[in-house]
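Single-letter residue listing:
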Amino acid sequence: MTDYTDPTDTELVARAKAGDTEAFSLLVERHEANIYGLCIKMLRNPEDAEDCLQEVFVKAYKALPTFREEARFSTWVYRIATNACLMRIRKRKLDTVSLDQPLELGEAEVPREIADWTNDPASVVMNEELGSVLTRHINNLPANNRIVFVLRDVHGLSTEEAAGILGLSVPAVKSRLHRARLFLRERLAQYYASGGAVA
Amino acid sequence: MHDHKECTECRQFLEILSDYHDGELEEELVARFELHMNDCERCQAVVKTFRQTIVYYRTTRCKAVPREVHSGLITALRACMDSEE
Ligand SMILES: [Zn+2]
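For the record, the sequence lines run as chains A and B. If you count the first sequence from 1, you need to add 19 to reach our numbering. If you count the second sequence from 1, you need to add 1 to reach our numbering.
Worth flagging that the hints you see were computed from the coordinates, not collected in a lab. Mixed in with the good hints there might be a few duds.
[As the list claims (entries may be wrong)] Okay, derived cross-link-like pairs now, DSSO-like style, lysine-lysine, Cα gap no bigger than 30 Å in a straight line:
1. A:K78 with A:K110
2. A:K193 with B:K64
3. A:K110 with A:K81
4. B:K49 with A:K193
5. A:K78 with B:K49
6. A:K78 with A:K36
7. B:K64 with A:K110
8. A:K36 with A:K81
9. B:K49 with A:K36
10. B:K64 with A:K81
11. B:K49 with B:K64
12. A:K110 with A:K193
Could you build the full structure based on these sequences and the hints that come with them?
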């Protein structure tokens, strides 16, 4: 039906800026899963994530005239989304602690276990139980570490991109990411050490 | 087998695991770490499970939004677009 390939984000942004709402809808379709996934992991419940998702794209739509094409559209929307998530977390009084508290691994810092559970047949398949265990563990990360881990390791952004999105230095991103990875590895090791029953 | 918990080398290597995993560690340190790992089963296990943890989480990335979430978003955007026109 067409003699052209899919338009790039840059082309869609240009069309949307010129008032083509259909082009903006295409941008939404392209990026909504990433933004929703980020919101779910940061806000930890589907209702807040859905609400935040709408806030992010409404903001993006309204701010589109100010968007400069030096940045990628995806990076720009990620930045709007991380700000929106962190703002919501700050507003929840109970969560402020987890946002500001540095991640302490304490005694668990040097791993005690020797087990290599990567060869455990039960660990090969991503099943429902493991999925909920992973969610429980990531939910226990302070938001400052969680956001970095989600952008870098779940969404596969580069350290530099994550630093730009979060307004952090590259060393700060690396350090938060490293703490998060050690924490999650340790928790998963504890899960397997306990026979996978509790974690 | 040496005592991993007391081993300062294991402790030091724990701090550079991310750089090692991301391929951002200086060659000399990579060589030292790998030499250490030859004798240290714990560090071997930690490296493998560290990598596996990241692989697992990569698979939890959201691939699509639920249909009702998508339509809710479109409705919110339409309202916003209409009010601007
Ligand atoms: Zn070691």
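Now for the hints, and whether the structure bears them out:
1. A:K78 with A:K110: Holds - the C-alpha atoms of K110 of chain A and K78 of chain A are around 19 Å apart, at most 30 Å.
2. A:K193 with B:K64: Holds, at about 26 Å.
3. A:K110 with A:K81: Holds, at about 23 Å.
4. B:K49 with A:K193: 20 Å, holds
5. A:K78 with B:K49: Answer violated: K78 of chain A to K49 of chain B is near 42 Å, above 30 Å.
6. A:K78 with A:K36: Holds. K78 of chain A to K36 of chain A sits at ~14 Å (cutoff 30 Å).
7. B:K64 with A:K110: 28 Å, holds
8. A:K36 with A:K81: Within the cut-off at roughly 10 Å; holds.
9. B:K49 with A:K36: Answer violated: K49 of chain B to K36 of chain A is near 47 Å, above 30 Å.
10. B:K64 with A:K81: Judged against 30 Å, a Cα distance of about 26 Å means the pair holds.
11. B:K49 with B:K64: Satisfied, since the Cα-Cα distance of roughly 26 Å is no more than 30 Å.
12. A:K110 with A:K193: Measuring from Cα to Cα gives roughly 27 Å; hence the hint holds.
In summary, the numbered hints that this structure violates are 5, 9.
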